[in-house]
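Chain residues, written in single-letter form:
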Amino acid sequence: VRPPPGPTRETFWRSPLRGPWLTAALGSLLLPLVAIVAVTGFLSNAAYQPALGANSLLPAGGLQPLRVAWPASPTWLYALTQGLHVIVGIVAVPLLLAKLWSVAPRLFAWPPLRSPAHAVERLSVLGLVGGAIFEFVTGILNVQLYYPWHFNFVVAHYYGAWVFVAALVVHVAIKMPIVARAWRERGALAPLRASLHETRPEPYEPGGLVAPRPAAATISRRGALGLVGSAAAGLFLVTAGQSIGGPLRRLALLAPRGQSVVGRGPNGFPVNKTAATARIDRRATGSGWRLQVTGTRHLELSRAQLLALEQHEETLPIACVEGWSTTQRWSGVRLRDLAAMAGAPDGSRLRVESLQAHGALRRVTLGPDQHASERALLALRVNDVDLSLDHGFPARIVVPALPGVHCTKWVGSLTWEAA
Amino acid sequence: VIAAFRRRYGASPLHLAAHLVALAIAVYAASKVLHPRYSRGPAFLVWLVGGAVVHDLVLVPGYSLVDALARRVRLTPLALNHLRFPAVIAGVMALVYWPLILVRADGNYVRATGHHVEGFALRWLLLTAGLFAASGALYAARAGVRARAARRARGGR
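Respectively, the protein sequence lines represent chains A and B.
For the first sequence, position 3 matches number 3 in the working numbering, and the numbering has no gaps at all.
For the second sequence, position 69 matches number 488 in the working numbering, and the numbering has no gaps at all.
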């Protein structure tokens, strides 16, 4: 059957680079990056400790296999996993685009459905490509706080990942023999040695990726991979500094929490929500504020009383689910000291409530591994000054390795509850 | 039996079984999101399929056309690639960060950070100009080296 004119005809496609070796190379580079993004994504859900209290942002049900007690050490754990999730996800974009470019003719393959197996495979590829693009687009727009859609981001991004990952596992299993054959016949790296003048198309096979009537090469295979790598490196440089800090922070020119949100002074580091947004009433944080502390006993502590307790200083990161992090020197009262004062039983959970009246994360529950850590603080000061209102004055939670939104600001009450 | 299945289906039973498992996971996952509490109507499915459609029918033809037009100018491959590199690097930066560059969500940004979205467009333009300038300078140097080598080769003949 002769296909209609246009992209359904093999002769429509002219690039001399397309072929099984190039697609295998791009796929093999992309796969580990996608694996990192997927694993760190599922770890992020585990870090929210969805089994505790009202922490879960997902509906009850299946496909939530990772139920680990999230530890409080190393302190940089969540900064690392979530920084990787966002940085690697963004850096993988050029590779994903190149991979999809390399197989573009397959979309228009003629006849569109050769057999039941081919139909099933095409449906699965829709889940693969649709799922991949959905995950990248929603994640990338989320870190820029842009939500032009009518679905819940967290739920859709989490379950969209399952659509993508399920199709990806099958795809990798099916395509592995093709990758192995391309490496066996062409060599894993040998085609990279060819300069532009030595660049020849891979051998044509009907129905394959290689163009039957290729144009002359204008770039070598190593040049094309270098192009993709340069784009990835460029994205890394303008993004990674918001998580890694140090000299790279000055280069984070396009990162959402790069240099444009850094203010002056000891409180001049980024926030995920201002006091105005959280509708924190200034009067509620003033001299009348009393921290409600409940274990087997109930205490009410003013800020002056808290400052009179033994103060501890810890240098800890706040790491946001959006990928940025900031390490500061916090000081305040250890949560375990407050637990002892309230007579909290061993192994209890800590429910932290904010003065914030609305919002899903105004109340979080911490497991014993988290709040009983020696370095877990009710912070009152940062970098030798009082917390600013935007950073949670009069008091905020700072627990090592805890996702930033769980480091509750404007704390109103601490309640230790038996598990 | 397996041979008959292969003939009618077009692949091994394992192929079908693996795809059915993946499909079941996808359908279950989609059903969780499509709950009216989390998705207005089929919004989730529209975005799931729509992203692939926009990529395959708009983005790929779009950048392929730009590259085809650049090739039509009949530049040398060296010159062409010194245009491709800055264009692709700046292009993917724009593709990833266009909501900040075009200030699509200033309200959310102010509520989250306390600052307005500022300077992203300027920084992207400066980066783009810098990339093209650096690539152009490198091209001039490389083309100069090649021209001198060609002159020497002619002179030695």
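Honestly, I wouldn't trust all of these hints.
To be verified - Here are some of the chain A residues that sit facing chain B, going by a computed Cβ distance under 10 angstroms: (1) Leu63; (2) Ser124; (3) His150; (4) Asn152; (5) Val165; (6) Trp183; (7) Ala217; (8) Thr218; (9) Gly226; (10) Gly234; (11) Lys273; (12) Thr296; (13) Leu299; (14) Ala418; (15) Ala419.
Quick caveat, the hints were computed from the structure, so don't treat them as lab data.
The structure displayed is predicted, hence computed values, not measured ones.
Using N, Cα and C, we set each Cβ at its ideal position, and we do this for glycine too.
Structure-based check of each hint:
1. Leu63: 6 angstroms, holds
2. Ser124: This interface hint holds because 5 angstroms falls under the 10 angstroms limit.
3. His150: 4 angstroms, holds
4. Asn152: 4 angstroms, holds
5. Val165: 8 angstroms, holds
6. Trp183: 23 angstroms, violated
7. Ala217: This hint holds: alanine 217 of chain A lies near chain B, its Cβ roughly 8 angstroms from the closest one there, short of 10 angstroms.
8. Thr218: 5 angstroms, holds
9. Gly226: 8 angstroms, holds
10. Gly234: 4 angstroms, holds
11. Lys273: 6 angstroms, holds
12. Thr296: With a closest approach of 38 angstroms, the threonine 296 of chain A hint is violated.
13. Leu299: Not OK, violated: leucine 299 of chain A not within 10 angstroms of chain B, min 33 angstroms.
14. Ala418: Because about 31 angstroms separates alanine 418 of chain A from the closest Cβ in chain B, which is outside the 10 angstroms limit, the hint is violated.
15. Ala419: 27 angstroms, violated
Going down the numbered hints, you'll see the structure goes against 6, 12, 13, 14 and 15, while the others check out.
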